[in-house]
Amino acid sequence: FAVKEVLTCHEVHDICMCEDISENELKRVTLITDMIQEVLYKDDEYNRLAIGRFVRELLMDIQSVVSVDNDMSCLPQKRLMIYSGHDSTLIPMLCALGLYKDH
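Mind the numbering: the sequence shown is residues 14 to 116 in the numbering used here, read in order.
It is possible that part of the hints are untrue.
As the list claims (entries may be wrong) - Only pairs whose alpha carbons sit at most 27 Å apart, straight line, appear in this in silico DSS-like list of lysine-lysine:
| no. | residue 1 | residue 2 |
| --- | --- | --- |
| 1 | K55 | K114 |
| 2 | K17 | K114 |
| 3 | K55 | K40 |
| 4 | K40 | K114 |
No lab work stands behind these hints: they were computed from the structure.
Quick caveat, the model's predicted, so the values are computed rather than measured.
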């Protein structure tokens, strides 16, 4: 995964890549990395270890808002919830939801 991260950073920040790495090789590294991540995160146990705590926190936050909505006499403590993530968070979440189809 580290190779893809370095290559992606160079590409996004327009930093000259090593002349020995072709566009085709970059695409191949991306394809292989994406396939590996999909295989890893489609495993329920591995995925639970990767994002289980985040999913539990997310569900608790959603439940707290839903339960307050049923009782209009009080306002929720959290009025806005913002979550931040990286591909290492998003890919497992998409796999858990059955939505990850990268290739």
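We went through each hint and held it up to the structure:
1. Annotation: proposed proximity of K55 to K114 holds, straight-line Cα distance about 11 Å (limit 27 Å).
2. With a CA separation close to 18 Å, the supplied pair K17 and K114 stays within the 27 Å bound.
3. Between K55 and K40 the alpha-carbon distance is near 22 Å, which keeps this suggested pair within the 27 Å criterion.
4. A hinted pair counts as satisfied when its Cα atoms are at most 27 Å apart, and K40 with K114 qualifies at roughly 16 Å.
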